[in-house]
Amino acid sequence: MAGVTWEGLDEFRRALEALPDNLVQQATPIIRTQAATALADARAAYPVYSGNLRDGLELTELGVEAYGVAVRVRNKADHSYLFEHGTETRTFKGQNRGRMPAGKVFIPAAIAARTRMLRGLVDLVRRAGFQVSDPL
Amino acid sequence: MSLDALDAAVLAHLRADPVIGANVWWAVAPPGVDDAFVIVDQLAHEADPVMPASTVFERVTYLVKAVVAGPDPSTWGIPAGERIHELLEARLDIPVAGYVIRNLRRTHRVRITEIDEGTDARWQHYGGHYEITAAPVEVVP
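Quick mapping for you: the protein sequence lines, in order, are chains A and B.
Residue numbers 0 to 135, in numbering that gives the first Met the number 0, belong to the letters of the first sequence in order.
Residue numbers 0 to 140, in numbering that gives the first Met the number 0, belong to the letters of the second sequence in order.
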C-alpha cells in the first residue's frame, strides 16, 4: 500500500495551534485542496491495465484537529507499493518479464502537493503575524 | 552544472563503502546481477526558482534500497539498509561538482517483501527515500 498522511510539519504545529479560529479554518481548505490534487494527479498518471492502481486511490479525512485537518491519501491496491518502488521479478501469464523499475507516480504527486500545501500554510502563518523561516 | 553530478555523487559515495560494495546500480540491476545489490533511483525533483532565470536550490528525492533474494534479509539486506542510512542521513559533506548539499534526510522508510506469484521467489527490499537539498555553488543569472 502506498500512502502519505497530510498534517503539515511539526514545526508549524505550535504556530498553527496559536492561530485564531478563523485562520485555522483557512488552513483546512489548503490541506484538503492539495490532498485532492495529489490524488487527482496520481490518478491521471497511473498506467491503466486492469485499472486497479487507479481505482485503489483513496482520500480519507482523519478528523479536524486543533490546527486544522489531517487528510490521508493512499492507494489500497495490493501491488501499489511494488509498482511505486520497483520489482525484481515479474511473472505474467507464465512468462518472466524481468525487473520493473520504480513507477514514480504516487510519490512525485504527493511530494509536489505537499510542497504546495506547506507553502500555503507558511503564507497563512505569516499573514497571522508569525515569522517563519522558509523550510522549503 | 548538472544534477547528473548529484546522481553520480550519491552512487560514488555508496560504491566507495566496503559494506555496500560496488554493486550499486541506477534504477535497475543489470542482467546477471541476481542475488544482492543496491538500487538508487530518482523519485522526484523540485527546483525553487526564487529569482528569474536562476535556481537557488534543487531538491531531489532518491529511492535508495538494498535488495536481496531469499526469505531472510538479516544476513545482508538489513545490514546493508542500515548502512545506507548511516552513509546518507545528515551527510552534508558528500562532494558534488557544482553543488553544496544543504540538507539530506530520510523522509520515508522502505521495507518490502516481494513475492513472485509464478515462482514463489522472495525478494527483500530495505532502505528509504532520501531527500537531498542542494544549492548551486554559483547561481547563474
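Treat each hint with caution, since some may be false.
[What the hints assert, rightly or not] Estimated spans, in silico, between C-beta atoms of each pair:
id, chain 1, residue 1, chain 2, residue 2, range
1, A, Phe129, B, Arg14, 41 to 51 angstroms
2, A, Met99, B, Ile77, 42 to 52 angstroms
3, B, Gly97, A, Asp77, 34 to 44 angstroms
4, B, Gly97, A, Leu61, 16 to 26 angstroms
5, B, Arg14, A, Leu61, 35 to 45 angstroms
Derived from the structure by calculation, the hints contain no laboratory data.
For glycine and all other residues, C-beta sits at the position ideal for the given N, C-alpha and C.
At the C-beta level, are Met99/A and Ile77/B separated by a distance inside 42 to 52 angstroms?
23 angstroms Cβ-Cβ, so the 42 to 52 angstroms window is violated.
Could one say that the CB atoms of Phe129/A and Arg14/B fall in the range 41 to 51 angstroms?
The hinted range 41 to 51 angstroms holds for Phe129/A and Arg14/B, with Cβ atoms some 45 angstroms apart.
Outcome for the supplied range 34 to 44 angstroms, where the beta carbon pair is Gly97/B and Asp77/A
holds (42 angstroms)
Honestly, do Gly97/B and Leu61/A meet the 16 to 26 angstroms range at C-beta?
Since Gly97/B and Leu61/A have Cβ atoms about 42 angstroms apart, the given range 16 to 26 angstroms is violated.
Given the range 35 to 45 angstroms, decide if the beta-carbon distance of Arg14/B to Leu61/A lies inside it.
holds (42 angstroms)
Violated hints, listed in ascending order, are 2 and 4; each of the other numbered hints is respected by the structure.
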